[in-house]
Each structure stands twice: as C-alpha cells, then as structure tokens.
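Chains as they are written, first to last, in my numbering: chain A, 103 to 445; chain B, 6 to 134.
The set of hints was computed from the structure by calculation and includes no laboratory data.
Possibly wrong hints are sitting among the right ones.
[What the hints assert, rightly or not] Label pairs and their in silico Cβ distance ranges:
#1 B:A69 - A:D404: 39 to 47 Å
#2 B:S59 - A:R319: 22 to 30 Å
#3 A:Q379 - B:E109: 38 to 46 Å
#4 B:H38 - A:R210: 46 to 54 Å
#5 A:Q379 - B:Y128: 36 to 44 Å
#6 A:A112 - B:A114: 39 to 47 Å
#7 A:L298 - B:E72: 34 to 42 Å
#8 A:A276 - B:S59: 52 to 60 Å
#9 A:L412 - B:E72: 16 to 24 Å
Ideal Cβ positions, reconstructed from N, Cα and C, are used throughout, including at glycine.
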Amino acid sequence: MPIQYQGILAEHLHTRQAVSVFDICHMGEFLLEADLAESGLDRVLTQNIISMPVGSCRYGFMLNDKAGVLDDLVIYRINENKWMLVVNAATTADDYKHLENHLSGLSRLQNISDKTGKLDVQGPLSLEVLKNIFGKQIENLNYYTFAKFSFEQEDCIISRTGYTGELGYEIYIANECAKKLWDLLLKDERVKPAGLGCRDTLRLEMSYPLYGQDIDRNYSPLAAGLAKFVDFNKNFIGKEAMLKEKDSGSLKRLICFKADSRRSPRHGFAIFDQDKQIGIVTSGSFSPSLSVGIGMGYVLGDYPAGSSLLIKGNSIEIPVKVVKKPFLVKNNSLKPAFLKQPA
Amino acid sequence: MNIPGNLLYTKDHEWARIEGKIAYIGITEYAQHSLGDITFVELPKSGQELKQSSYCATVESVKAASEVFVPLSGKVISVNSQLSKNPELINQSPYDQGYFFTMEFSNAAEKNNLMDAKAYETYLESISK
C-alpha cells in the first residue's frame, strides 16, 4: 500500500468529506473454530466475547502476563464456535504462536492472511457507494456488526468498522477478487484511493492508537488509557498484573496534546514540563482537519487537560496543551446519514 | 520538472532569483514534490544576516521536517508573510507565490558557487539514477 496517491492532505479531507478506499490487504486474519467453554479463547483476549452476538465484532487486546500489549485486534463472531481475528501485519506470526500456545488442542486455528484481501471504504458517502455494489441490505449493518455478502459469486465479509472516525466499512474478500472490487469502487467518481499517510493522520485525529508506536508490550491498556476494552469480570492473561498496576496507579500514561501552531510534534521528540523531560512522543503530525500540530505520548506524572507542556526535537520547540481525546470531535460521524438526528 | 532558466540553484534544491542587488529565495519544484504537502514554514527575521549555505528556514510537511540553506550571503529584507497561513503556496507555486524571502546579497562572486538551470537539470538527472 502506497503512502499517498494524490497527496496526504487531499486524501485526508476527501475521506472526511466524501469517501475513500484503502488497500489494507497487508493485515493479518485468522479463522478459528473454538468452543468457548473449553478452548481457552476467552482467557487469551481482554474483551468480553461470551456476550458477543453472532454477527458482531469487538475490539480488544492480547496481553502477556505482565499486561504488556502483544497486539490489538478485532474479533468477529461468525457463528457459535467460529471466529475471525483481525490482527496487525507485523505481529501476525507472533500472534499465531501465542494463540497456538494458549488454545486447547481441539480448537482449529488457521492463518488465512495470504488468501484474504481487505479493502476499507471510509467516509460519509461510503454507505451510498457500497449499496450500489452489494445491495440495500448493507443498510442493516450497525456499528461493529458484520454480515456475509457476495461479489462475483464469491463470499465476502463486510463489517461496519474502521480506523478513521468516519462512517465506514471494512471488506474481507478473496485475494483474487480484491483487485476487481478495487477497480469497481474507483469507477464510482465519488471514490478516491487513499494511502497509508492519511490513514495515519485520520486515526491520529481520533486518538486511535497505532500498534508498535502508541502501544506495545512495554505498556498495558491501562497506561494507554484503553482499559474500557478490558473486561475485569473475567479471567484473562495479564489480569493480575493489570490489577496490581490499577492499585498502584500506573507510572506512565498516554496523553494527547495539541500545538498552538501548525508545527508538528514527531515520533521520538521529547516531552518537557518546563525544564524536566517527562516523556516521549509516540505519534505526532499536522492535523489536516484542525490545521494545528497534534500528538500523543507517554508521560510520567499527572497532566490533566489544559496543562502546558513543551515538545522538543531537532532543535525545534513546540508549546502544546494537553487535551482530552479525541482531537476531532465529530457529531454522529459513525452513523449513516439516514440515522442522524436533524440538527 | 519545471526548472526556470532565470534562476540559480543549489545542490540542496534552493533557488535564488537575482533582481539588481536583491535576491528572491525559495525551494525548487523537485524539493516541494519530495516533501509532499507542506504544512508549516519557519522563516528568518527581517534584518537577519545570513552566510552562504547556512541554515535559514525550516519546512515541515505531513511526512517530515527539512532545513533550508541560504544560497547567498547577505541581509534578509522581507519575508513572504503569506506562507504562515498558506504554506501550501510552496507546493502550488514554488518559484513565484511560494518564495521564502528577499535578501540583499553582499558578495556577487558567490553566484559562481551556484548552478544555472542547465547544470541543475543535469544534477537532478544524476541523483535520480
């Protein structure tokens, strides 16, 4: 997947205002046949999966026993005992081993990444565009649900999910059909291709973490401010460590900050409270929607929204203010237009 | 690639347009294209004395930040104030509306250290191989 097609800013704004298609074929997908009671699947993931209806998907984590994040993933319940796990490309091999080690012998785990293509269609016009290809029943998909559709006589899975903060859909389709679907989508003049560059600025405006940058095995979901994707009412690997951290108050916290200028904080820049370095920037960029620099990073200490900090790197100093997430507050952007309340 | 014949160029992809004692300074089509969408530029101050090839400005794009080096020695006369609100002018019009600043250059002989359009074109071909 290229960094950009016609330019990061134009692609970013087109996704926020119209609809873009992203080639996300690099992501990993596992198919899993596992009985909930005996497989041990529930213990491997932090999200509650027992309560998931068939046809729904849920975001959460795989942790190590120190509560470090091995990966963030979305699990799809295909039927009572059949699941699809969508994992990050760089962690696919390790995730597979981790699952193999922790699932009981009776479960059947299959890495289908090589034969599964993935196209994300994101933006306020995404439903209108996909209705033309997959039919009106796509209207029935609620946020974080999915269904089977067909394209060129091949089954595909479409979920109403995404990584942009816009109304959008993720399409899992046999590799050999992905190119055809891509071409067909781009025949619709409302649709433009979007690259990795704007995928990053779009997700950052929503404060969505990027694995390997904002979360990794050095931090727990608690430190990352993502504890709402952890079900403490069940047992899972890393729970004990997380509870301990919860009691002690975790040392480092991921904060979001906004520059007072168009200057971009960048990954690896230092975060200062006056003269004292308190942390490191994990993600930073110019925000095309807000026209200021934004970023996030882990800091030592308590810095509530409104705190003034200084970002330093490459002999640049950028004054920033801590803000609540997300950076971009959107009104009902995840809902299709016909469900929105009149303003 | 647009390489106007009336400008002088550096290997770091800055240009200078000489008008009498004054030089307009900016970055080339090649530079703006490699940087991608430019989102911020930090310019020198009026009156600032600069030495040939020393740091004079920073451009930031969505992808990265880069330093800009001044093609000639001299004193900054005025900066392009349009760029603070509309840095995309550098992408849209690198040789005209997207110029960075004007300067009064102090040593005309330094022009010999710069490339003309033809030499710059040959240089671009050599680095793209």
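| field | A69 of chain B paired with D404 of chain A, Cβ distance criterion 39 to 47 Å | value | violated, 33 Å
| query | At the C-beta level, are Q379 of chain A and E109 of chain B separated by a distance inside 38 to 46 Å? | reply | holds, 41 Å
| said: Holds or violated: the 52 to 60 Å window for the beta-carbon distance between A276 of chain A and S59 of chain B? | reply: At roughly 58 Å between Cβ atoms, S59 of chain B and A276 of chain A fall inside 52 to 60 Å, so the hint holds.
| query | Falls inside 16 to 24 Å, the C-beta gap from L412 of chain A to E72 of chain B? | reply | holds, 21 Å
| task | Go ahead and decide if the range 22 to 30 Å is satisfied by the Cβ distance of S59 of chain B to R319 of chain A. | result | Because 44 Å falls outside the window, the suggested range is violated.
| query | Using the C-beta atoms of H38 of chain B and R210 of chain A, is the stated range 46 to 54 Å upheld? | reply | Holds - the Cβ-Cβ distance for H38 of chain B and R210 of chain A, about 51 Å, lies within 46 to 54 Å.
| That 39 to 47 Å hint for A112 of chain A and A114 of chain B (C-beta), does it hold up? | At 44 Å between Cβs, range holds.
| query | Is the distance from the Cβ of L298 of chain A to the Cβ of E72 of chain B consistent with 34 to 42 Å? | reply | violated, 25 Å
| said: Looking only at beta-carbon atoms, does the pair Q379 of chain A, Y128 of chain B fall within the given range of 36 to 44 Å? | reply: 41 Å Cβ-Cβ, so the 36 to 44 Å window holds.
Of the numbered hints stated above, those contradicted by the structure are hints 1, 2 and 7, listed in ascending order.
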